[in-house]
Every structure is written in C-alpha cells, then in structure tokens.
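**Student:** Sequences and hints are given; from them, build the entire structure.
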Amino acid sequence: MVMNRQSYAVEVTASSRADAATIFALVADGARWSEWAGPVIAHSSMERLGDPAPGGVGGVRLLGRKPVLVREETLEYEQDRRHVYALRTPSPMKDYRGEITLTPREDGGTDVVWRASFTELVPGTGPVLRFGLNKGIQLLSRKLLSAAQR
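In my numbering, the protein residues as written are 5 to 154.
Capping the alpha-carbon separation at 25 Å, the derived lysine-lysine pairs in DSS-like fashion look like this:
id, residue 1, residue 2
1, K70, K147
2, K70, K98
3, K98, K139
4, K70, K139
Have a look at the derived ranges for each label pair, beta carbon to beta carbon:
id, residue 1, residue 2, range
5, E103, P131, 20 to 26 Å
6, T107, V72, 32 to 38 Å
7, P131, R154, 32 to 38 Å
Think of the hints as simulated: they come from the structure by calculation, not from any bench. Using N, Cα and C, we set each Cβ at its ideal position, and we do this for glycine too.
**Tutor:** Here it is, written out as structure tokens:
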C-alpha cells in the first residue's frame, strides 16, 4: 500500500523597529526562548551548543512546556541574517524545517520572514497541521518582535 503524503509550507512576514542583531540574538539562543515566548514556551534550554555557541550549526534547543519538549537542531546560521532549523522530535510532521530570515532596512528596522515546511506523516492531516503551524508562527513572531523592540 502506497501512502500519498503531501508537503506543506507556511510563511509569516513582519516588520520591526528593532535591528537585525537584536532579533537574531533572541532567535539563535534557544535558552532565551522562554523569556520572550512565554507562556506558550514555558521552558527553553540548550541541549547541545552549536558553532558558534550557543545556537550555531549543530546546536540543539529544547522548547515547550514540561513534560512535552521538542528538540530543534540548527542547520544553517548566518549571523544577524538567517537561522535554519529542523525538528528532531517525532511528531505528526515529517521533515519539518524552519527558516527565519532578517533583512535590515535603511531606517534601522528589520523585515522578518519566518518560513516552515513539512510533509504530513498521516495522509490527510496536512491542512490542519498547516493551519496550526501558521497560527503558532504568527504568535511567536509577534512575541519575538515585541521583545526585540523593548
């Protein structure tokens, strides 16, 4: 029996008065996520430091609300510009990959694009997962930019 799994993607865009370095520092350091993403993310820590530390390539952050924590590993790291990560915890989403891109503006602010893609593990579940993921990234994006602008 061949399962016909579909792939999905979401993209959330926003603008901030904060500079790219400030936003990137919050995103790249997994231990700080609970500072700006609470109460949605009540716990955050680094399980493994990356290169460069803390959240560079190979770094693994633990995020969530105990006892349910997810592991995300940094795949690509461009200081103050781009952070790419993959979900390493089993979930209903296969091959989850996220990317946060920061583009500095002339006025000192930053345009932010947060993308994520995945393949549904169970055929037919993708649209619901995409909807939830989109809402989750919208919420996290608002919290991130609010914290960066403080």
